[in-house]
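*Asks:* Below, each chain spelled out in residue letters.
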Amino acid sequence: MEKSLDPQQLAREVWRDSLQDGLYELSIGVGMLITALVLQTSLASLVIIIAIIAPPIIKKLKARITYPRTGYVNLPDESKKLGRIMILLLGFAVVVILVLVVFWNKTNEKLVIYKWFPLLPAILFQGGFIPTGIKSGLARYYVYAVVAMVLGIVCVIPNLPGRFGNLSLYLAGISLFLLPWGIILLLRFIKKYTPPEDVERQDD
Amino acid sequence: MIELPFDAIDPIVHEPARLHILTLLSVVESVDFLYIMRQTGLTKGNLSSHLSKLEAAGYVEIKKEFVEKIPHTLVRISDEGVKALQRYRSAMTGLLQNVPD
Chain A
1 MEKSLDPQQL AREVWRDSLQ DGLYELSIGV GMLITALVLQ TSLASLVIII
51 AIIAPPIIKK LKARITYPRT GYVNLPDESK KLGRIMILLL GFAVVVILVL
101 VVFWNKTNEK LVIYKWFPLL PAILFQGGFI PTGIKSGLAR YYVYAVVAMV
151 LGIVCVIPNL PGRFGNLSLY LAGISLFLLP WGIILLLRFI KKYTPPEDVE
201 RQDD
Chain B
1 MIELPFDAID PIVHEPARLH ILTLLSVVES VDFLYIMRQT GLTKGNLSSH
51 LSKLEAAGYV EIKKEFVEKI PHTLVRISDE GVKALQRYRS AMTGLLQNVP
101 D
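Chains A and B supply the protein sequences, listed in that same order.
No gaps in the numbering here: position 107 of the first sequence is 107 in the working numbering, and each next residue is one more.
No gaps in the numbering here: position 86 of the second sequence is 86 in the working numbering, and each next residue is one more.
By construction, these hints were calculated from the structure, which means they are not laboratory data.
Warning: the hint list may mix true and false statements.
As the list claims (entries may be wrong) - BS3-like, lysine-lysine: derived pairs with alpha carbons at most 30 angstroms apart:
hint: 1; chain 1: A; residue 1: Lys191; chain 2: A; residue 2: Lys81
hint: 2; chain 1: A; residue 1: Lys191; chain 2: B; residue 2: Lys83
hint: 3; chain 1: A; residue 1: Lys81; chain 2: B; residue 2: Lys53
hint: 4; chain 1: A; residue 1: Lys135; chain 2: B; residue 2: Lys83
hint: 5; chain 1: A; residue 1: Lys81; chain 2: B; residue 2: Lys44
hint: 6; chain 1: B; residue 1: Lys69; chain 2: A; residue 2: Lys80
hint: 7; chain 1: B; residue 1: Lys64; chain 2: A; residue 2: Lys60
hint: 8; chain 1: A; residue 1: Lys60; chain 2: B; residue 2: Lys83
hint: 9; chain 1: A; residue 1: Lys192; chain 2: A; residue 2: Lys80
hint: 10; chain 1: B; residue 1: Lys63; chain 2: A; residue 2: Lys81
hint: 11; chain 1: A; residue 1: Lys59; chain 2: B; residue 2: Lys63
hint: 12; chain 1: A; residue 1: Lys80; chain 2: A; residue 2: Lys60
hint: 13; chain 1: A; residue 1: Lys81; chain 2: A; residue 2: Lys192
hint: 14; chain 1: B; residue 1: Lys44; chain 2: B; residue 2: Lys83
hint: 15; chain 1: A; residue 1: Lys135; chain 2: B; residue 2: Lys63
hint: 16; chain 1: B; residue 1: Lys83; chain 2: A; residue 2: Lys192
All values derive from a computational prediction rather than experimental measurement.
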C-alpha cells in the first residue's frame, strides 16, 4: 500500500490505525452499561469509581491486545483541549436542559427535570465522537454522534420511574449500539493482525 | 546557468525511508519499533540502520521503556529533528520554485 507523506494525512492514518481495535467502542459500551446498572441501584456514587478505574483497564487491554499486534503509539496529548470542549458542552447541555424544563413546566403541571437527563450525555458524546471523526476521517464516528443525539431525544419521551430511569435507558441504549460494533471491530482486528512471535526481539 | 540550492538539502532527511520515519514521528508523541516497521514497510535491519543514522544526527531519541510492564524501544523525534524537517521542507520548496518550467 502506498503511504502518504502528507503530515495531515499521516496523522489521520495514525488515528485511524489506533481506532481499528474496537476498544474505543467496547470501553464506552461497557462503561455506559455498568453506569446504567449502577444508577439503578442505591450506589449511584460508584459511577465515580468507574470513571477512575476505566482508563488503566483500557491501557492494560491495549498493552495485551493492540500493541503486540500493531505496535505501540503514543498519540499527542489532547486531554486539555478535550477537557475544554467537554466543559463548554456541559455548560451548553445544562442550559438546554434548564430551558426545556422551564418550557415544559409552563405547559405541564409537573416539573420533571430528571427525564431530560439523557440530553446531558447525548450532548457530551458529541464532544467525543465528532472530534474523533475529524481526526481519523472515519465516517462511523459521525454516525455514532447522530445516533447518540437522536437516542438522547428519544429517551426523554417516556416517563420512567426513578430519578435516573430515562438516563439509564439512554446509557443502556448507547451501550447496546456500541458494544456490537466494538466486538465486530475487535474480532476483525484480531483476525487481521497476528502478533509476531519475536515482538521483544524485533527491537534488539 | 541557474544555481540550485542543493547544499541546503540535508542528506540525512532526504533519504525516502528516513523522511517517512521523521514525518511519522512528527505527528505522534512516540512509537515503538514494531509500529514504525508496520507503517513504513521497512525490514528490521533496514529500520535499525536508518534509526541509527537519525539518532547519530540527533534527530531522534531512542530509549527502552516499559509500557504496562512490557519492554518497548520507544522512538521520538527530537527538537533538532523537528527543526531539520522544517529546514528540509523550506529547502525543497525553495529548490522546486527555482526549477524552470
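*Asks:* Hints first: check each against the structure and report whether it holds.
*Replies:* Each hint, compared with the structure:
no. : hint                 : in the structure
1   : A/Lys191 <-> A/Lys81 : violated, 35 angstroms
2   : A/Lys191 <-> B/Lys83 : violated, 40 angstroms
3   : A/Lys81 <-> B/Lys53  : violated, 35 angstroms
4   : A/Lys135 <-> B/Lys83 : holds, 24 angstroms
5   : A/Lys81 <-> B/Lys44  : violated, 37 angstroms
6   : B/Lys69 <-> A/Lys80  : holds, 27 angstroms
7   : B/Lys64 <-> A/Lys60  : holds, 19 angstroms
8   : A/Lys60 <-> B/Lys83  : violated, 35 angstroms
9   : A/Lys192 <-> A/Lys80 : violated, 34 angstroms
10  : B/Lys63 <-> A/Lys81  : holds, 28 angstroms
11  : A/Lys59 <-> B/Lys63  : holds, 20 angstroms
12  : A/Lys80 <-> A/Lys60  : holds, 23 angstroms
13  : A/Lys81 <-> A/Lys192 : violated, 33 angstroms
14  : B/Lys44 <-> B/Lys83  : holds, 27 angstroms
15  : A/Lys135 <-> B/Lys63 : holds, 28 angstroms
16  : B/Lys83 <-> A/Lys192 : violated, 37 angstroms
Violated hints, listed in ascending order, are 1, 2, 3, 5, 8, 9, 13 and 16; each of the other numbered hints is respected by the structure.
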